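S.K.: Now for the letters of each chain:
Number of protein chains: 2
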Amino acid sequence: MNLKKITLGLFFLGSMLTAQKQAVEYVNPFIGTSNYGATNPGAIAPRGMASVSPFNVAGPQNLPHEKDSRWLSNPYVHQNTFLTGFTHVNLSGVGCPDLGVVITMPTTGAVETNHLNYGTTYTDEKATAGYYSVNLSKYNVKAEATASTRVGVTRYTFPAGKSNILLNLGLGLTNEQGGMVKMVAPDEIEGFRNVGSFCYNSPEQAYPVYFVAKFSKPAEEFAIWNKPYKYEGVEAQWMGYNGKTRIMKGYTREVVGDSIGAYVTYNFDKQTQVEVKIGVSYVSIENARQNLEKEVGDMSFDQVYDKTKNEWNKALSTIEVEGGTEDEKTVFYTALYHTQIHPNTLNDYNGEYPEIGTGKIGKTSGTRFTVFSLWDTYRNYHQLMSLLYPDQQLNMVNSMLQMYDENGWLPKWELNSTETFTMVGDPASVVISDTYLRGIKGFDVDKAYEAMLKGANQIENNPLRPGLEEYIKNGYVSVDSKIGGPVSTTQEYNISDYAIAQFAKALGKKEDYKTYYKRSLSYRKLFDKEFELLRPKYSNGEWYKPFDPNKGANFEKNVGYIEGNAWQYAFMNPHDIKGNIKLVGSNKKFVTQLDNIFEKGQFDMANEPDIAYPFLYNYCKGYEYKAQNRVHELIAEYFTNKPAGLPGNDDTGTMSAWVIYAMMGIYPVTPAAPMYTITTPVFDKVTIHLDENYYDNSTLVIEKQGNDGIISEVKLEGKNIRSFFIDHDELTSSGKMEIILK
Amino acid sequence: MNLKKITLGLFFLGSMLTAQKQAVEYVNPFIGTSNYGATNPGAIAPRGMASVSPFNVAGPQNLPHEKDSRWLSNPYVHQNTFLTGFTHVNLSGVGCPDLGVVITMPTTGAVETNHLNYGTTYTDEKATAGYYSVNLSKYNVKAEATASTRVGVTRYTFPAGKSNILLNLGLGLTNEQGGMVKMVAPDEIEGFRNVGSFCYNSPEQAYPVYFVAKFSKPAEEFAIWNKPYKYEGVEAQWMGYNGKTRIMKGYTREVVGDSIGAYVTYNFDKQTQVEVKIGVSYVSIENARQNLEKEVGDMSFDQVYDKTKNEWNKALSTIEVEGGTEDEKTVFYTALYHTQIHPNTLNDYNGEYPEIGTGKIGKTSGTRFTVFSLWDTYRNYHQLMSLLYPDQQLNMVNSMLQMYDENGWLPKWELNSTETFTMVGDPASVVISDTYLRGIKGFDVDKAYEAMLKGANQIENNPLRPGLEEYIKNGYVSVDSKIGGPVSTTQEYNISDYAIAQFAKALGKKEDYKTYYKRSLSYRKLFDKEFELLRPKYSNGEWYKPFDPNKGANFEKNVGYIEGNAWQYAFMNPHDIKGNIKLVGSNKKFVTQLDNIFEKGQFDMANEPDIAYPFLYNYCKGYEYKAQNRVHELIAEYFTNKPAGLPGNDDTGTMSAWVIYAMMGIYPVTPAAPMYTITTPVFDKVTIHLDENYYDNSTLVIEKQGNDGIISEVKLEGKNIRSFFIDHDELTSSGKMEIILK
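Taken in sequence, the protein lines are chains Z and Y.
Each residue of the first sequence is one higher than the last, beginning at 1 in the UniProt record's numbering.
Each residue of the second sequence is one higher than the last, beginning at 1 in the UniProt record's numbering.
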């Protein structure tokens, strides 16, 4: 008789009886899988390099959300119906297609290698953090997926009969082509697949993702397939095989091509499960193999899932919430889940990773993070990470500084050690400054400052700040510079300069502080009183005309702005809201302008420039209730427990960070100013478990008192603060903030 | 003062003074590089895996002998003018395009990666065994090439200025596409290039040739280029780079594709030489690296060439000739050189090689040979190897038996461990039997016999002998079998069965001897008295009609025959010439038929079926003079010291073996009958140095006495043999044969 087992049994029984749902159980990975949220319901570990997503965006059956017929940035769309496999590296919530490759697919009967023929409809999709399953209608196969950090694991339950598992290296979401595949043994395949040219940029930086796939049962037969391009020359007349797929049975050497794959086949006399473990790496096949062996080894599918589920639960339990509906909790924890996907791990188990720009393999003792969509994330995401996961945030800053060491520049939109140069501005400085000002200082501060100044000042060959010369000289980037979105770019440089100013101030560099602070206010030169908006200007100082401030909504191209129009950029000066109000004239006029934006459909919840707008009412005394109302209306309208429950691209967690803050009742309006503005929490009580290595307190509670009405009082440790703003330090070093409604 | 140097100097001086030209100096690698000889003038070591050939068959400048505009099987055509690089693996004297890849090209100035743009005219070509050089007009660069067994070495002499060396993995002679390239260091590139689908067959067996390239000077800059296929989808509209070549500077990871390459660049302040060593392997990149290091290592270009030249001289000095013109000696030694190219070494330095059909890597302690064009070579080539290089011939037989061990069948037309199934018949049995009967017995005789019988008897799934069932039942393959060339196929099976019979007899298996000997005569059933020729037959015994015996010359397709017509196959029954004569009716009628064939243009010197015809006069007493005359006329007409100095494809040395025998005055008419028939030698004296491990005598002399007239007497060790036939054993165990003319 085993006493330990009994005790353990009683413990679990006890847990079930008390039965508060764990944080992890509130994750609904289907949120954001429609309405261009661009998330996927696949299985992933926190900040995983590998993930396993169902792939249902190929083939005319999936029109109009079909990958080749439009700009589509996700491997999965919830309303689609035709599944052609399971991808093993994926991006989540981004706006451009990439990754979505290394595709497995179980089938039965005769082998078919063309996804248009082997694809299938499906039923019974289930997804939770670290797990996804589906039944494939055509084959009566149940497919399940889980993942560790660098290994995607699938389990296929086949009926009796001939069963196949395909590894398709042709099909993929990325627009890059080409790969290599090699059968190492009847239970092991290795190779790589090219990815890259994110947002159709920098194709010369395209790079391989390496993999090693292990099957729990050795193949009875295996083959490589290869469909070369159709030969057009005279010689085609002698090629009986021209344009046809080659099936290379038992082939064991490398095969390269754009339409290649491997399959293993079995003959089962009864229902049988096969597990497939795919280790990935951006360094080498050998590292992919080591990642697989060290991280997963002989663990079963269930063991991997258990471990990953626990990791998720631990990560998500950083915040506990009370009150709110089940749906609200689901929205909240799913958002938190979505913030733990990118930036993700780039380094292998052994610490190796591809350096940026050098062609060398680097080695890190910490985590090398990748996927820095900084134009998005500098606004709120990293602030949230500093609060909830300061160790991760520190690692992210250190990763950015490694990049500076490697290629001489801080990142702009980094993806797997390629600089995609997507979007505008110089956002890394903002993130680093903000992190420091929130008390997370364990990085090389001198190097960080040097890197910031280089981006802010190097006139020639500066990849981060095109147009810098005239920006410094005139205070703005002009229309005739031909630089896309000169107004937006000016504003972004202002925000970055403000962050540098604050960093300089903290480091005691007073002159620098003055210089950059002054630079940060130059957007004002673009304020046109006629429109009471920022307006594009020529380098000679004349206004750009004809000027239509409405032009540019919904990503329409326009002169002046990037992904937005004059309304959506009007108040994107978060470091100078008071100054902005002065430009407009008065609090009242400012509030009227804000109201107009919301009420006349100029507010875009789906894109970053204006996402702080609802909180700006807090800068106008007496109008704070409008912030409270707007924020709650926006949460209710755009953030729901449905596949369409994100307003648009999650932007690697930026939208999710917005709703997490909004639901907690605080928001970090000004990057590189360590404070929050306050609105009504959704929950009655929010308990944040702070990391004691970075914060004095281990807990921060935000408690709502009263359920209706507007905020009448905010108390910190029982004392009314008489403000709708609270410093980060003050908040975190207090145990509790009460938000009292009446 | 260095005594050794002086001694050495005196030695060389002495050599020069006595100044008999060495055998190696009589090699003219340009012979066969025009008129579809399909040889190339590139540098190669005896039986080398690697070779470095100039590549001048790409680009419209080379029309009509341009690789994409016709069936062209060689990397080089003598009359072409536009050179686009140097290939590092090549086939010689074959009829189908393959290999001709891993191309280096020196250029100067701005880098151009498109061969149509970087190609150049050239002057001052020089070639000898193991060495080739040329001046590239556009660049004023001298390019030189040499090779060891598995390493191609080039040396480029650049003028001062910007210099580049390209490694083009897109361009090639093979119709296969695709490869991989990776810069390992500024002086090292590794990768592979796909080859295969020889004769447009078996594309699913296409395979990589691996390489490692080392540069004597590290690149100052390097890049990979990749020109992906043009994207046709909707997304192409966002790809500014669509269809353009990508230059990936400093890129250090694997790049795969159909149009890829790497280049290194230098800036030289004065004329500078760069040496490039490229090790190849059919097993792996690691083996290619080891081949390079172990075979060449730090040796200079000159050292490699010296070593290879010595190896060639040693191999060619197996025969010494006296008399004859310089041109005749050149034709002779170049032919001997051409017999030492294929079959070539397949195994790496460490003994590893790709097995045939298993997907595994095998290991051999001897040499694993490859490129067995057995339909050609069974007729005379292996007989010559048994005489001159018995150790090589034994290794070839053992290689064939390894193949049987690996995939269960003897080879038919094996190329780099793929069975191309080119041509018809079951020729390996003939080669093995003939080898044994010539006294070379150091192989597993029981296994060889088992392998032969399997090919001769297995009815189902027999890849060597399609149509075997009706062949055994009816004695011939019928027109309605739909098997290509049923008459030719029947004859080939007869020849193989004859060889098996002789082998059985030698092994004391009398019943088997009777069975197979009887089978070997079944071609007689196809003899049609109406035409006095062999004629295709239906399975019901009726003759195929309408029958045009002339149809099928010059490779025209026809019913009945493969690569030939009824005339060219009429007497391809070398094991039953006496019986054949009886069928025709009389010696006189036979001679008349032979004369008709020669005089009416039905004889084809360029293809194998009828190449023994000129010797057949020897079977008709009193007409032997006709053999002597025909043979000398054919030598004079078809074998000259000119690029067009081969009658057509060398067929991996078969044509060369023909002329070597013909010039020595002996010819092995009947495969698997160890004897020679005798005609007039070209040379006054031929001295063959026999291998004492296989032969009792160390020397065999064939001496011609008298220069005009016909053979009046043949003496062996001074004794008139009163015959135009001599046994192999008798000849080799005698010291000398005198052929006396008057």
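If you are wondering where the hints come from, they were derived from the structure by calculation, not from laboratory data.
There could be a bad hint or two in this list.
Which copy is meant is left open, so a pair is good if it fits within one copy or across any two.
Cut-off 25 Å, straight-line C-alpha distance, at most; resulting in silico cross-link-like pairs (DSS-like, lysine-lysine) [as the list claims (entries may be wrong)]:
| id | residue 1 | residue 2 |
| --- | --- | --- |
| 1 | 529 | 294 |
| 2 | 719 | 742 |
| 3 | 230 | 509 |
| 4 | 551 | 621 |
| 5 | 454 | 249 |
| 6 | 529 | 182 |
Only a predicted model underlies this, so the values are computations on that prediction, with no experimental measurement involved.
S.K.: Let me make sure I understand: some of the numbered hints might not hold for this structure. Which ones are they, in numerical order?
M.R.: 1, 3, 4 and 6
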